[in-house]
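Visitor: Residue numbers (the numbering used here), protein chains in the order written: chain A, 1 to 302; chain B, 303 to 681; chain C, 682 to 944.
Hints in this document: simulated from the structure, not taken from any laboratory. Certain hints may be false.
[Claimed, not checked] Some, not all, of what chain B presents toward chain A, calculated at C-beta under 10 angstroms:
| no. | residue |
| --- | --- |
| 1 | Ile382 |
| 2 | Val417 |
| 3 | Pro420 |
| 4 | Lys535 |
| 5 | Met539 |
| 6 | Ala540 |
| 7 | Tyr541 |
| 8 | Asp542 |
| 9 | Glu551 |
| 10 | Glu678 |
On a predicted model such as this, the values are computed, not experimentally measured, just so you know. Every residue gets a Cβ at the ideal spot worked out from N, C-alpha and C, and that includes glycine.
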Amino acid sequence: METIKNATSPQSDLVVKNKKKFNVEVPLYMGPISFLLVGFVFAPLLIILFFSFLKTGLYGEIVYEFTMGNIKEILTGGSGIVFLNSFYLAVQTTILCLLLGYPLAYYIARYGGKWKVLLISMIVVPSWVAYLIRLYAFKTITGTNGIINNFLMDWGLISEPLTMLYTPGVVMVGLVYTWLPFMVLPLHAAMEGMEPSLLEAATDLGAHPVRRFFRITLPLSRGGAIAGSILVFIPTMGDWLVPALLGGSKVMMVGNLVAQKFTIAGNIPSGSSLAIMLAATLILILYLAIKWGGKEAMEKLV
Amino acid sequence: MKKSSLTKNGLILMMAVSFILGVLAGPLNAASKYKDYPVPKACLDAVKKEGSKLYVYNWAEWWPQELFDDFSKEFGVEVIFDYYADTEEVVAKFKLNPKAPYDVVLGCSPFNVMVLKPMGIVSKLNYDWLPNVKEYMIEGYTKRAFDPGNHYQIPDSGYATLWAYNSDKVDDSVPGFHTWKFLFENEKYAGRITMLDNMYDVTGAALKSLGYSWTSDNEAELMEAKALILKQKPRVMAYDSWPRRAQVEGEAWLSGTWDGDAWLVHNEDVPALKAVLPEEGTLISANTDFIPTGAKHPAAAHLFLNYLYRPEVNALLIETIGYPPAHKHTMEFMSDEMKAWPGFILPEGYMEKCDSDDERMVTGRGKEIRLQIWEELKR
Amino acid sequence: MKRKKIAPKILAGLSFLVYFFLWAPVIVIIIFSFSANRYGVSWDGFTMKWYADLVQNAAVKDALIRSTIIALVTVVVSTLIGTLTAYGLFKLHFKGKHFLRTSTLLPIVMPEVVTGAALLVFFTRFLNLPLGYPSIIIAHIVFSTPLAVFVILGRMQRIDWAWEEAAMDLGANRFRTFTRVIGPQLMPAIMAAAVLIFPWSFDDFVITYFVAGIGSTTLPIYVYSQMRFGATPIINTIGTLFVAVTIGALFLSRAIEKKNAGR
Chain A
1 METIKNATSP
11 QSDLVVKNKK
21 KFNVEVPLYM
31 GPISFLLVGF
41 VFAPLLIILF
51 FSFLKTGLYG
61 EIVYEFTMGN
71 IKEILTGGSG
81 IVFLNSFYLA
91 VQTTILCLLL
101 GYPLAYYIAR
111 YGGKWKVLLI
121 SMIVVPSWVA
131 YLIRLYAFKT
141 ITGTNGIINN
151 FLMDWGLISE
161 PLTMLYTPGV
171 VMVGLVYTWL
181 PFMVLPLHAA
191 MEGMEPSLLE
201 AATDLGAHPV
211 RRFFRITLPL
221 SRGGAIAGSI
231 LVFIPTMGDW
241 LVPALLGGSK
251 VMMVGNLVAQ
261 KFTIAGNIPS
271 GSSLAIMLAA
281 TLILILYLAI
291 KWGGKEAMEK
301 LV
Chain B
303 MKKSSLTKNG
313 LILMMAVSFI
323 LGVLAGPLNA
333 ASKYKDYPVP
343 KACLDAVKKE
353 GSKLYVYNWA
363 EWWPQELFDD
373 FSKEFGVEVI
383 FDYYADTEEV
393 VAKFKLNPKA
403 PYDVVLGCSP
413 FNVMVLKPMG
423 IVSKLNYDWL
433 PNVKEYMIEG
443 YTKRAFDPGN
453 HYQIPDSGYA
463 TLWAYNSDKV
473 DDSVPGFHTW
483 KFLFENEKYA
493 GRITMLDNMY
503 DVTGAALKSL
513 GYSWTSDNEA
523 ELMEAKALIL
533 KQKPRVMAYD
543 SWPRRAQVEG
553 EAWLSGTWDG
563 DAWLVHNEDV
573 PALKAVLPEE
583 GTLISANTDF
593 IPTGAKHPAA
603 AHLFLNYLYR
613 PEVNALLIET
623 IGYPPAHKHT
633 MEFMSDEMKA
643 WPGFILPEGY
653 MEKCDSDDER
663 MVTGRGKEIR
673 LQIWEELKR
Chain C
682 MKRKKIAPKI
692 LAGLSFLVYF
702 FLWAPVIVII
712 IFSFSANRYG
722 VSWDGFTMKW
732 YADLVQNAAV
742 KDALIRSTII
752 ALVTVVVSTL
762 IGTLTAYGLF
772 KLHFKGKHFL
782 RTSTLLPIVM
792 PEVVTGAALL
802 VFFTRFLNLP
812 LGYPSIIIAH
822 IVFSTPLAVF
832 VILGRMQRID
842 WAWEEAAMDL
852 GANRFRTFTR
862 VIGPQLMPAI
872 MAAAVLIFPW
882 SFDDFVITYF
892 VAGIGSTTLP
902 IYVYSQMRFG
912 ATPIINTIGT
922 LFVAVTIGAL
932 FLSRAIEKKN
942 AGR
């Protein structure tokens, strides 16, 4: 964490320096958030870190004895493969979101005009409509007797229904669908900040539109792209319901495995160590992304 | 209707129930010919003293809501719900929080009780406050090895794991059809099969199909079962413990399921759905209710369990959930079709082929290996 | 010159497809909420029956009230803490500020499964807090406050800080200035944060699933339990309700923003 802080932009530098400093103000303004972070973010993480070194008894009850067994089991056992699978799926999802989200964000930023707010709202609104219910609708659309199959059969385009539901393909579509808005919004924010005069100047100087795009638009939207990728990648990695609902529970992602350890397996130490490993992996990835993407990514993150 | 034998309250209740259930009112009405043994006054006083509340932990949307509503109305007890989606969740919740303040946990399996009892989470029942249960429990249910005399839990119904098929789509005349082996090994219906999304049931069924015990903790046997399950996976459409939608939509033709769930789909949605009680045998167990030691309203919990064994209440429950009753008289009021449903009345000698609740499945190596199989399957 | 005209059209076409992709499930939900099909999965003729069922369904009503209360409390507390924090991060200089700022990101970047699991263990094994309203609300506040912080922080740059100096020159202390002068100017940002947080909290499933307890079944948890049993058309009507509420909230926030801008 220490190193990430260098990447954050100290906005306060922009502000008129106020020489009068009352120490009492710091606890007044920063007290509540510090309490929240220490009490309900760091403490719970420390607790599960602690639990991840504990043993379990015959009935799966927690035994207060030190062991490295849980961590070792994750590193050597099957969980490693689940980790890699999820990673692979999350990378694919992120790339697809980027491919779909980039043109859309660009279109809104460049040609949205007075419709901009509406166009942005139309991305946000579906993502606010009960996540679970939308996934359920996906089942209705892609099922054997679903909308797509019925449509294609009615038009005589196919004679046998296609199998879409419960395939890896539909899991991917579901993941992209769920997290796409999180890609578009930071991308749009980054592009909106671009000076139109910059593009015009480039055109006036005779820059080819393609060249203009690669030289100006793309580098300037890099921060947004990285922020969007982080916002897509992390929740995808931890996703749990899409593989269960659309994938027919045939493949587990890390999120499923964590959830399963806490619920079905009832092995809290083992679940804790998996959760800690997942968190650590993602923080590492985040750190690398920020290091690579620089501070503009951090600014666009929210 | 034999109105003369009914009290006024009973009549109102009956009218409400018959309004809701329409044709089903007949059997429920008849159930009231058996006597209700009320709890002693001491229990009712204790309920008042506790504050007339009942915290229920149950499967979602399974039990009839009117059963709880009527209970509330009759005894003035406020019922507050929490739901779980898998009984293993119950175990996990109590492991984290042994004093979780639930008053009564409904619809668990004996396996959950076996795991929770040694941790001091299951409290002993007071049979003075359960006169209906004492009177009406089917005798067989009181003799199970894990809790002889039912001192720590009572079954509200039985269950058998089996599989169901759509008889419009599936040819059931092939030899060896009525077996676990067919479900696991047929290639004809690849992509039309759903299996329960539950490691105990899938491994158990595979073990039975191979001729072993459902609850085996023998590593070699479990490895054989694993091979069978992994081999079947490409033919499985989904692992889904509630394949109802897939059955209704005509997507799933063969589904691992439980007798009661299959009955409900057959009865309400897909008449062509039939169930197979596999020839190799299966797991015969019970839907189990218990009172945790963290309960703040144990008297209300006893009152409720006793209410559950009131003949007409039990008949309403069984009609709704579709599982074989644990109440002596309830079967009398069920339709002939329901009685004939696989799992309700077992064929002569079938029970000997079946396995029952055994701790070795859910503890130590038995559980560990199953978890490993499950993780490998879902990779 | 011709290329210049084609590019926007291709982009428009692509964008339209993405919009279609995003809205298709929502439209399916709305249409099938009026379908007579008892599973809500195909069109069997028009009916309002499911809406009548919805109105009468006590479990849905309870869940709806619970989710609303939880979301409202979450919005109020997290925007309050968020405003204080954003102001502090913007104006004050103190040791450990960078660390604090970075830590504030942590709840946002943590996968929900991890947050949910960690809080579950923490509440039950460490605090001995009974699971229910308090645990759900705390969990939601933990996630929402950072969102509020960063939304409000973003808008602070656009505020006219001369007012603050003027007020402080006139002898008002900083906190008073903050509540009287800066607060009102931040209102649009606070509203924006609220509009972001409310639906998130209202719709959260994963974290809530871990930390929910007795009598605290929220709407998403109710929907989940319904879906497992093969679902009923009520799900579609709840979904349609979500669409209506979301669009309504958006209009409301726009109206407030416009009114504020007009002043």
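Visitor: State for each hint whether it applies.
Guide: Hints versus structure:
no. : hint   : in the structure
1   : Ile382 : violated (22 angstroms)
2   : Val417 : holds (5 angstroms)
3   : Pro420 : holds (6 angstroms)
4   : Lys535 : holds (7 angstroms)
5   : Met539 : holds (6 angstroms)
6   : Ala540 : holds (3 angstroms)
7   : Tyr541 : holds (4 angstroms)
8   : Asp542 : holds (6 angstroms)
9   : Glu551 : holds (5 angstroms)
10  : Glu678 : holds (6 angstroms)
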